[in-house]
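*Asks:* Now for the letters of each chain:
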Amino acid sequence: MLEFIQQPWTWWVSGALIAGIMFSLLFFGQSFGFSSNLRTICSAAGGGKLLKFFDFNWRSQLWNLVFLVGAILGGFIAHQFLSNGQPVQISENTINDLAQLGIGAPTSAQPDELFSLESMLSLKGFAILALGGLMVGFGSRYAGGCTSGHAISGLSDLQVPSLIAVIGFFAGGLLMTYVLLPLIL
Amino acid sequence: MKFIKFLILGTVFGIVMAKSEAFSWFRIQEMFRFQAFHMYGIIGTAVILGAIGVALIKKFKLRDISGNPINFYPKEKSIMRYLIGGTIFGLGWALSGACPGPMVVNIGYGYIAMIVVFLFAIIGTYLYGFIKDKLPH
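Chain order of the listed sequences is A and B.
Numbering-wise, numbering that gives the first Met the number 0 puts 174 at position 175 of the first sequence, and it's gapless, one number per residue.
Numbering-wise, numbering that gives the first Met the number 0 puts 106 at position 107 of the second sequence, and it's gapless, one number per residue.
There could be a bad hint or two in this list.
Claimed, not checked - One side only, chain A facing chain B, incomplete, derived with CB under 7 Å:
| hint | residue |
| --- | --- |
| 1 | Phe22 |
| 2 | Gly28 |
| 3 | Ala129 |
| 4 | Phe137 |
| 5 | Gln158 |
| 6 | Ile163 |
Claimed, not checked - Straight line, CA to CA, 20 Å or less: simulated EDC-like cross-link-like pairs of lysine to aspartate or glutamate:
| hint | chain 1 | residue 1 | chain 2 | residue 2 |
| --- | --- | --- | --- | --- |
| 7 | B | Lys133 | B | Glu75 |
| 8 | B | Lys57 | A | Asp156 |
| 9 | A | Lys48 | B | Asp132 |
| 10 | B | Lys133 | A | Asp54 |
| 11 | B | Lys4 | B | Glu75 |
| 12 | B | Lys76 | A | Asp54 |
| 13 | B | Lys60 | A | Glu112 |
| 14 | B | Lys131 | A | Asp156 |
| 15 | A | Lys51 | B | Asp132 |
The set of hints was computed from the structure by calculation and includes no laboratory data.
Since the structure is predicted, the reported quantities are computational estimates derived from the model, not experimental observations.
Here a beta-carbon is modelled for each residue, glycine too, at the ideal position from N, C-alpha and C.
The shape of chain B in the complex, shown without the other chains (with noise of 0.2 Å):
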């Protein structure tokens, strides 16, 4: 029962994923291609209101659900494997039309093709474990 709240969560995600069109290939080629402000838009919203969320929370030092402190964690300091990766991501995500996220809810809604992608998502996570250490991070 613990989980009923992040079946609840990830359903939601799914419904916005899909409703607010953002996980659609046609709506990542018009951004992509600065055509339109929608995706934009989507991304400002959740970050100008997630800032000013994170704030509060650091000013008044809220606590979770289990009265622990909500903290953050800097990011390993680094511009290579960020750059990079994200790169990598990139052409992804252009190609694909899809981050992991929006590749499930595609498949619920029933895109079977998306699996391809998603079961390729899962194998080139595969192969950076596998040839990470020789990568420059």
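Here chain A stands alone, though its shape is the one from the complex (with noise of 0.2 Å):
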């Protein structure tokens, strides 16, 4: 059983599972939204002293605070406990095409290159980190949710502005995907 845990887990089960996860929130009076957690962390900050935007009560959303401590926590557990120590399995596609920006193939979950600590502490490394998580901060609260809030809350909800969110987050992929990265890397 362990053993069977500990392989990836196929799409079709990690999908319903995600899907659960946003019923079970509901069903608790609350949606799934993981970004509105950087705006939290910005008010409960003091943030809300300086900007309005982060002036609310930044109390009620303990849930989702608490929801994300359970998902640093979950990473945890299946690193130690559920991990076979295979890396990821991607698509020989895939893998060719990484080397020629000069990402060796898949030795564990991420990239050496971009995310050993040697690469954190350079200062292109560090910048990369850097640049991609602010456009990431910024896009979210700006589009109004990220992957969760619109892929999955907001398309599941039919929503208009979510699939506009969507097409976004994908025109902003492919841009980095095909034009931007081979520059960068």
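Using the hints, put the two chains back together into the complex; each one sits in its own frame.
*Replies:* Encoded structure:
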């Protein structure tokens, strides 16, 4: 049984569990939207004193911060107890494409070229991590949600704004993948 | 104690993100290069089941655990903010290989470098709050 769980989980199991999480949150009177936590953290850190956008009762969002702590815990459990140590099984085509950008085939979950401590402590490596995070944080709040809020919750409710946001996610993702990444890496 | 259920749900979320490999930069690259069905299968399954469930909740006017109706609020109508904001988000998603949830899952998994990504995501959100009135919405 443990060996079975330690294999990567197939797409439909994972997708069904994500839908299950969304419904559980609705049943508990909340909704699935992870990037709200970023705004909550800005508010909890005192951002409301300077900017009205962060001046709200962040304690009402405490449940979502607890969800965030759970997600960290989940990552820890997955690595410590539920992993068989195999690298991510991506397609040959992706491995070949990434090799041309100087990213080696997977040896774990993430490429060392971007996420190793050495890379983090280099100027270029740090700049890539910082820029990526900055755009995700800025863009998710500008668009009013991220993958969970728009692509999962919003599309499930057949909301046109969420569809527009997801089209934007892909426009930006393709631009980065095909045009900018070859220049950056 | 009222928060324990959210801790459990978050933990399940973190395990699913890691075990489905959706938290991996490699999988996001594979998705944006249309070289595997995997990520589309995950998101597609979640959305199809989600749409069926939301339709049932609305049809049968289901209530939550406290007996309150489960409401869905239409998002404010606009094109610019979703398209521009979404595009900026997508640029960051493809570069860092993680949206906000998977960032913290990576931190728990042991990828220290993701702390940098997450801290700058908070700074990015603050920056948005700082200049939002000057942006088209």
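*Asks:* Take the hints in turn and mark each one as holding or not.
*Replies:* Each hint, compared with the structure:
| no. | hint | in the structure |
| --- | --- | --- |
| 1 | Phe22 | holds (6 Å) |
| 2 | Gly28 | holds (5 Å) |
| 3 | Ala129 | holds (5 Å) |
| 4 | Phe137 | holds (4 Å) |
| 5 | Gln158 | holds (5 Å) |
| 6 | Ile163 | holds (4 Å) |
| 7 | B/Lys133 <-> B/Glu75 | holds (18 Å) |
| 8 | B/Lys57 <-> A/Asp156 | holds (10 Å) |
| 9 | A/Lys48 <-> B/Asp132 | holds (17 Å) |
| 10 | B/Lys133 <-> A/Asp54 | holds (19 Å) |
| 11 | B/Lys4 <-> B/Glu75 | violated (30 Å) |
| 12 | B/Lys76 <-> A/Asp54 | violated (24 Å) |
| 13 | B/Lys60 <-> A/Glu112 | violated (51 Å) |
| 14 | B/Lys131 <-> A/Asp156 | violated (27 Å) |
| 15 | A/Lys51 <-> B/Asp132 | holds (11 Å) |
The structure does not agree with the numbered hints 11, 12, 13 and 14 stated previously, though it agrees with the rest.
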